[in-house]
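*Asks:* Fit chain B to the supplied structure of chain A, relying on the hints for placement.
In case you want the letters, here they are:
Number of protein chains: 2
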Amino acid sequence: MNLVLLSGGSGKRLWPLSNDVRSKQFLKLLTDENGQRQSMVQRVFSQIEEVCPDSNIVVATSESQADPLRNQLGQGVELVLEPERRDTFPAIALACAYLESKKQLSRDEVVVVMPVDPYTELGFFRTFADMEKAVQSDCAELVLMGIRPAFASPKYGYMTYECDGDSFLTPSVPRKVTGFVEKPEPERAEKLIEEGAVWNSGVFAFRLGYVLDLVRAELPFDNYDELRRNYGKLTRTSFDYKVVEHAKSIAAVFFDGKWKDLGTWTTISDEMAAPALGNVIMDGCSGSFAVNDLGIPMVIIGVDNIVAAASHDGILISSIAASPRVKDHANEIAARPMQEEKRWGEYSVVDTAEYSDGMRSITKHMVINKGQAISYQMHSKRDELWSVTDGEGLLCIDGAYRIMRRGDSVTIARGSRHAVRALTKLHLIEVQLGSDLDESDIERFDFEMPYSAEGLQCE
Amino acid sequence: MNLVLLSGGSGKRLWPLSNDVRSKQFLKLLTDENGQRQSMVQRVFSQIEEVCPDSNIVVATSESQADPLRNQLGQGVELVLEPERRDTFPAIALACAYLESKKQLSRDEVVVVMPVDPYTELGFFRTFADMEKAVQSDCAELVLMGIRPAFASPKYGYMTYECDGDSFLTPSVPRKVTGFVEKPEPERAEKLIEEGAVWNSGVFAFRLGYVLDLVRAELPFDNYDELRRNYGKLTRTSFDYKVVEHAKSIAAVFFDGKWKDLGTWTTISDEMAAPALGNVIMDGCSGSFAVNDLGIPMVIIGVDNIVAAASHDGILISSIAASPRVKDHANEIAARPMQEEKRWGEYSVVDTAEYSDGMRSITKHMVINKGQAISYQMHSKRDELWSVTDGEGLLCIDGAYRIMRRGDSVTIARGSRHAVRALTKLHLIEVQLGSDLDESDIERFDFEMPYSAEGLQCE
Numbered sequence: 207m208n209l210v211l212l213s214g215g216s217g218k219r220l221w222p223l224s225n226d227v228r229s230k231q232f233l234k235l236l237t238d239e240n241g242q243r244q245s246m247v248q249r250v251f252s253q254i255e256e257v258c259p260d261s262n263i264v265v266a267t268s269e270s271q272a273d274p275l276r277n278q279l280g281q282g283v284e285l286v287l288e289p290e291r292r293d294t295f296p297a298i299a300l301a302c303a304y305l306e307s308k309k310q311l312s313r314d315e316v317v318v319v320m321p322v323d324p325y326t327e328l329g330f331f332r333t334f335a336d337m338e339k340a341v342q343s344d345c346a347e348l349v350l351m352g353i354r355p356a357f358a359s360p361k362y363g364y365m366t367y368e369c370d371g372d373s374f375l376t377p378s379v380p381r382k383v384t385g386f387v388e389k390p391e392p393e394r395a396e397k398l399i400e401e402g403a404v405w406n407s408g409v410f411a412f413r414l415g416y417v418l419d420l421v422r423a424e425l426p427f428d429n430y431d432e433l434r435r436n437y438g439k440l441t442r443t444s445f446d447y448k449v450v451e452h453a454k455s456i457a458a459v460f461f462d463g464k465w466k467d468l469g470t471w472t473t474i475s476d477e478m479a480a481p482a483l484g485n486v487i488m489d490g491c492s493g494s495f496a497v498n499d500l501g502i503p504m505v506i507i508g509v510d511n512i513v514a515a516a517s518h519d520g521i522l523i524s525s526i527a528a529s530p531r532v533k534d535h536a537n538e539i540a541a542r543p544m545q546e547e548k549r550w551g552e553y554s555v556v557d558t559a560e561y562s563d564g565m566r567s568i569t570k571h572m573v574i575n576k577g578q579a580i581s582y583q584m585h586s587k588r589d590e591l592w593s594v595t596d597g598e599g600l601l602c603i604d605g606a607y608r609i610m611r612r613g614d615s616v617t618i619a620r621g622s623r624h625a626v627r628a629l630t631k632l633h634l635i636e637v638q639l640g641s642d643l644d645e646s647d648i649e650r651f652d653f654e655m656p657y658s659a660e661g662l663q664c665e
Numbered sequence: 207m208n209l210v211l212l213s214g215g216s217g218k219r220l221w222p223l224s225n226d227v228r229s230k231q232f233l234k235l236l237t238d239e240n241g242q243r244q245s246m247v248q249r250v251f252s253q254i255e256e257v258c259p260d261s262n263i264v265v266a267t268s269e270s271q272a273d274p275l276r277n278q279l280g281q282g283v284e285l286v287l288e289p290e291r292r293d294t295f296p297a298i299a300l301a302c303a304y305l306e307s308k309k310q311l312s313r314d315e316v317v318v319v320m321p322v323d324p325y326t327e328l329g330f331f332r333t334f335a336d337m338e339k340a341v342q343s344d345c346a347e348l349v350l351m352g353i354r355p356a357f358a359s360p361k362y363g364y365m366t367y368e369c370d371g372d373s374f375l376t377p378s379v380p381r382k383v384t385g386f387v388e389k390p391e392p393e394r395a396e397k398l399i400e401e402g403a404v405w406n407s408g409v410f411a412f413r414l415g416y417v418l419d420l421v422r423a424e425l426p427f428d429n430y431d432e433l434r435r436n437y438g439k440l441t442r443t444s445f446d447y448k449v450v451e452h453a454k455s456i457a458a459v460f461f462d463g464k465w466k467d468l469g470t471w472t473t474i475s476d477e478m479a480a481p482a483l484g485n486v487i488m489d490g491c492s493g494s495f496a497v498n499d500l501g502i503p504m505v506i507i508g509v510d511n512i513v514a515a516a517s518h519d520g521i522l523i524s525s526i527a528a529s530p531r532v533k534d535h536a537n538e539i540a541a542r543p544m545q546e547e548k549r550w551g552e553y554s555v556v557d558t559a560e561y562s563d564g565m566r567s568i569t570k571h572m573v574i575n576k577g578q579a580i581s582y583q584m585h586s587k588r589d590e591l592w593s594v595t596d597g598e599g600l601l602c603i604d605g606a607y608r609i610m611r612r613g614d615s616v617t618i619a620r621g622s623r624h625a626v627r628a629l630t631k632l633h634l635i636e637v638q639l640g641s642d643l644d645e646s647d648i649e650r651f652d653f654e655m656p657y658s659a660e661g662l663q664c665e
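For the protein sequence lines, the chains are A and B, in the order given. Residues in the first sequence are numbered from 207 upward in steps of one, following my numbering. Residues in the second sequence are numbered from 207 upward in steps of one, following my numbering.
One chain only, chain A, in its complex shape (with noise of 0.2 Å):
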């Protein structure tokens, strides 16, 4: 099986969890079979793991996705990194390409898109195989996979298909689509629901040449690297708008289970493992539930149906019934994100100030992997002051190496070339100094920093 997985989206309906460089299918809400907290990322790809073994997986994603994605899912993970966001037909587009040229995949071959955050079962990705049949058998060019709708949601798109007196209790079955319904009114959810329409799950199965051909009629190419240079000028549209508008011939295959979007602070309530994740007291509490990602005690009393959550971003108290608020006030808040999850590892900012001559310090705890580099780079408008905590690592400034180890001190001046390769896993104070700190402030250099010490000359 051929697996193309999208992962968009960056918002701020479940601040101050997510943010801009956070996007909700990596925050670590849900807990796996071990107790441990885990993202909506990380449980679709073990879910994949489970069903679909031996499946070609590709992460269409933008660049800055690469970093978490790779976090949370292992180094190995394939990624198709898009240039620009430019919505989902051109993702898909650059995804099929990939797997034309890199992966050597024919024209026949089937690929399933998904997008990467459902919170669904297993059957749901058994249901792939359907599709991929589906498609084999030339039953249609395009075949979705429709859900049988556990409620009249206003906020999901319904599906009509032709329906000859059979029940939908044989999902293996294809159908043909006949008609789709973006979020109805209640009243329309409700009455699709009576004749059986089914929420549209923005799963295609499609052969691999059937898009190739629609990408080259808009924009010819000759291999990915040639799309991937001209991906701006493949048209700003939807997956949907562009390619199932117009097919000419669309199936569904059906899932029977449980599947919902867990976008919002609302949806996200009844799927979390416990009422509250991380360090949180909670005293005569009915229907409330609070996630905790600071280092220090949250305490709720005697509060109903509120959602708190709390992360270096920032403290949301709310009615779950107001919470999708949240996401008009997170725009206000214009702050750079305050914990972000890297290739290398993570940081958090622990504090910020500003001074009176306009001068401002930023103070982060910095997580690097052992085996991990920070890449050679240089800043030109801050100092950066690193008091090591613990671990060893190998630091590179100005091309003068040196070992460092908890409780040194290291200072790197605006100006310097610096990169930093974690011998064992590292922990680093960093405080940067200047009038203008801006995560944009940074030159990268090419240099592929060592991974040990051996044979380098040492300071």
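Read the hints as simulated data drawn from the structure, not as lab findings. Quantities reported herein were computed from a predicted structural model and do not represent experimental measurements.
Listed next, the in silico SDA-like pairs over lysine to any residue satisfying Cα-Cα at most 25 Å (straight line):
1) 631/A / 566/B
2) 631/B / 561/A
3) 533/B / 553/B
4) 533/A / 488/B
5) 309/A / 416/A
6) 234/B / 558/A
7) 631/B / 558/A
8) 631/B / 641/A
9) 382/B / 401/B
10) 218/B / 501/A
11) 397/A / 467/A
12) 533/B / 485/A
13) 533/B / 482/A
14) 533/B / 487/A
15) 309/B / 439/B
16) 587/B / 501/A
17) 576/B / 559/A
18) 631/B / 615/A
19) 533/A / 492/B
20) 631/B / 564/A
21) 548/A / 282/A
22) 631/A / 615/B
23) 548/B / 501/A
24) 389/A / 358/A
25) 631/B / 643/A
26) 576/A / 566/B
27) 576/A / 559/B
28) 339/A / 367/A
29) 631/A / 619/B
30) 389/B / 447/B
*Replies:* Just chain B now, with coordinates in the frame of chain A:
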């Protein structure tokens, strides 16, 4: 006028803002006429300054409150420090001995003793003159202040007094007190108020000699220093029990105005100048209030009648009605204080971590006020790494001086003696490293840090 202010208490009824070292009187929850945040003790001092500008004022308190008192009221505030906490009778005894020995007051001088933190109006302090006059007229050994009750509180003490048909409304006329009722049941309180009883404000006036004789009857002493040395021998009992209950004659004068104890979130909610202090966004909340002392934003949406408070110690979210329960939970959370006011300035703990080998780190943002110094000291179980983020300081490590400025790193290894004087307001990020990070790991040395680098040989 001679005023003794009792500054005691520590407690967790206002957790996470109050803690073992930060008593409620130091919390800046009020605002002064310029809109600046003001603590209860600052408010009381400014009121005393306005009403009784030429008073002798001493504050009887414990060592642990010396730093916040000096920091909030100025270095000149006169403190009588109890060598250990032993209740109000020993504290007042020591203050009286101080007034006799150090201020050379005669036995006949009138002393007014009051708690450091009533939330009241200027008229309250004007009543002191009536109390003084009443003592001078020898109408009683002890003169108290009665407050016209605003409601039938079951939490206050009540006094009854001789009332010869005259009304309460000539407050400056002293009355003979006939009895006390502590914390009556609500119905009893209603009845007391009908009968004309008043709240006992906890303010006492007496001639200095009267109380000194009582103290000497229990423990003879020549002077303040001797009493201080033998402080542990004084009975651990309250002034009410030891003095008031045994007085031959007690009179009261009266104050008819606003007076309350802002000791719980419930009482504070009414007096806060704004429903939100700090970085707080409130959307559709009725009857709720919030205090955010963290640097990150707090967003509250659609939650009524709650208190939300955040500090480096923790986060509280509670219905106002259930908020008294916070005390129990705060006691469960046996954490070190994460934010503390010191004589020299203040610090916040911004990060704590524990590593796989049992080592720990604590990161603090420290602010040392201009001219202030951290005394010559040594830690035997921790190293400290300082990053200077603002200002200029004179540092002394093991006898060697150096100037430190923004951008400098300083390593203070365990066993090093060190002191610092802030030449301008100084900000440091301090990283402590050790397996046992305990505030008590400190040895202080007698050494006056110079006020400038003039004439010193600096490295």
